[in-house]
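Peer 1: For reference, the chains in residue letters:
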Amino acid sequence: MNNKLQKQLLKRSKAAKLERWGKTISFLALMLITVTVFAIIIFVASKGLSTFFSNHVNLIDFLTGKNWNPNVTNSKGQPEVGALPMISGSFVVTILSALLATPFAIGTAIFMNEISPHRGAKILQPVIELLVGIPSVVYGFIGLTVVVPAVRSVFGGSGFGILAGTFVLFVMILPTVTSMSVDALRSVPRYYREAALALGATQWQTIYKVVLRAATPGMLTAIVFGMARAFGEALAVQMVIGNAALLPTSLVSPASTLTSVLTTGIGNTVMGSLQNNALWSLALVLLIMSLIFNLVIRLIGRKGAMSK
Amino acid sequence: MLINPSSPHSDDGWLDRNIVDPSLKDQQPIVLETKQLHVYYGDNEAIHEGDLKFPEHKISALIGPSGSGKSTYLRSLNRMNDGIAKVSGEILYRGVDVNRPEIDVYEMRRRIGMVFQRPNPFSKSIYDNITFALKRRGVTDKKVLDEVVETSLKQAAIWDEVKDKLKKSALALSGGQQQRLCIARAIAVKPDILLLDEPASALDPVSTSKLEETLLKLKEAYTIIIVTHNMQQAARISDYTAFFNMGRALEYDETAQIFTRPKVQLTNNYVAGDFG
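Protein sequence lines correspond, in order, to chains A and B.
1 is the number of the first residue of the first sequence in UniProt numbering; add one for each residue after it.
1 is the number of the first residue of the second sequence in UniProt numbering; add one for each residue after it.
Just to be clear, a hint being listed does not mean it is correct.
To be verified - Cut-off 25 Å, straight-line C-alpha distance, at most; resulting in silico cross-link-like pairs (SDA-like, lysine to any residue):
1. Lys303(A) / Tyr127(B)
2. Lys209(A) / Gly83(B)
3. Lys135(B) / Arg111(B)
Stated by the list, open to error - Here are a few chain A residues that sit away from chain B, every Cβ distance over 12 Å (derived from the structure):
4. Phe52
5. His56
6. Leu63
7. Tyr191
Quick caveat, the hints were computed from the structure, so don't treat them as lab data.
Virtual Cβ for every residue (Gly too), placed ideally from N, Cα, C.
All chains should be built: construct the whole structure from the sequences, respecting the hints.
Peer 2: Printed below as a string of structure tokens:
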């Protein structure tokens with residue numbers, strides 16, 4: 001009798017086998033993604049670092065040099081690969097577009113979640129989802145045909161430049177920041193609002209002093225997420241920024257970003273040459289920056305979790 | 001004595017409803033009274049009737065089974081159901097109907113405060129929790145604020161436990177302490193009436209008895225209306241008790257009467273533990 005029971009218990013049932021299979025498959029999927037990510041990082045790093053190790057470009061010169069012209073050798077006998085114009089271009093458009101988008105995003109999120117949740121869910125939510133889904137080339141094209149001429153006629157110059165890039169990026173990151181801000185507001189427990197209202201606080205006082213304070217970590221995450229998107233956006237920016245590798249002197253003079261130089265240049269260089277390696281170095285800078293953005297998002301999340 | 005004296009007696013001597021007017025029993029003035037109160041969630045009528053009168057400086061308990069409408073009734077009293085449910089009828093606060101659209105609900109809620117089932121301190125310091133409502137009203141004098149913090153924490157019987165950590169986060173307190181902090185926060189604006197919605201249901205027995213002591217002290221200064229699931233609690237602390245069933249206040253009388261000689265059969269069944 002006991003032998004029979006033992007046999008039954010030791011035999012793997014169909015369900016147990018299926019369970020093992022499921023675990024194996026999901027583990028393999030995870031491994032594949034992890035390996036891919038690390039492979040990309042290692043590849044970009046090895047290519048990007050060869051500028052400094054094989055071509056002996058000074059890292060400091062690379063990060064602070066103001067001239068980008070990899071085909072030309074300068075007085076010191078070194079190629080001119082100063083990436084400062086692109087690095088600063090990327091940061092300026094990112095920060096400006098985030099500054100512009102944040103108030104609009106928070107205002108929209110407050111309207112959608114606190115003031116008119118019903119209409120917000122019905123009308124604004126689909127609109128925002130639609131905006132997220134528009135391909136960036138469309139944004140770029142609209143930027144080229146509408147924003148650039150508008151900037152030209154209002155501020156003068158060619159119209160191409162940081163300002164046009166900022167406007168295009170502003171529209172592009174606005175839906176992302178808004179929908180993440182809505183999520184942040186939604187995660188504030190209802191009893192916070194009730195507590196404030198029951199104390200005689202008005203709705204605005206409740207929103208401003210309680211809801212927004214409690215949602216701050218989530219809001220910051222939304223903004224940093226938007227910045228990461230703006231920093232990495234290539235196509236639309238490239239179409240409107242003017243693509244001159246010059247240190248930006250004004251908002252309406254042509255400039256360039258890391259991404260715009262990469263997209264315009266990568267097809268015109270020979271693999272393994274200095275010109276090519278220098279572009280990989282720019283890609284490495286981009287990659288490191290997006291890792292930093294990710295890190296910031298995680299830090300904010302952890303801090304938010306602690307204060308709760 | 002009965003508001004509804006024509007209420008027919010059933011064969012075995014029970015009344016269908018028995019709502020007394022406390023002003024006939026006590027010398028205390030009535031501070032809050034509802035007339036023909038109906039509450040609707042959409043098409044669903046949650047409260048059919050609740051004509052109760054609450055005397056000053058007394059604790060009135062609302063008891064009844066889950067879904068009987070006692071919490072809905074309570075939340076209607078300071079208009080916390082605005083935007084959630086439709087409330088019709090009159091809510092007379094010292095003779096003024098506050099259930100009118102032109103009433104400034106923010107000012108009204110300062111006078112009729114509320115403490116909720118789940119302790120809900122803000123994620124701020126203890127000090128900032130207490131001063132929140134005052135600051136929103138433009139009180140900035142540090143001396144005044146300090147004093148209010150001390151007196152309200154003392155009144156809520158939590159001062160000795162927190163006086164050394166006023167700047168610490170309120171969320172680091174235990175559940176019972178948080179709930180007493182919420183009471184302190186509610187009385188910091190010197191309300192007239194305190195509404196409590198099952199304030200002890202998330203607390204352990206020790207914290208509950210501390211909370212009850214606190215309430216008994218508070219009734220000297222405030223009128224208290226408390227919803228409770230716990231009949232012993234109602235019996236221990238309240239002066240008047242209303243029994244709710246199916247969205248209707250069936251019996252309202254002195255607590256001793258409700259628990260020893262109820263006049264409505266359902267009340268009797270409920271307090272005897274036969275249902276609910």
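Peer 1: So which of the earlier hints does this model not fit?
Peer 2: 7
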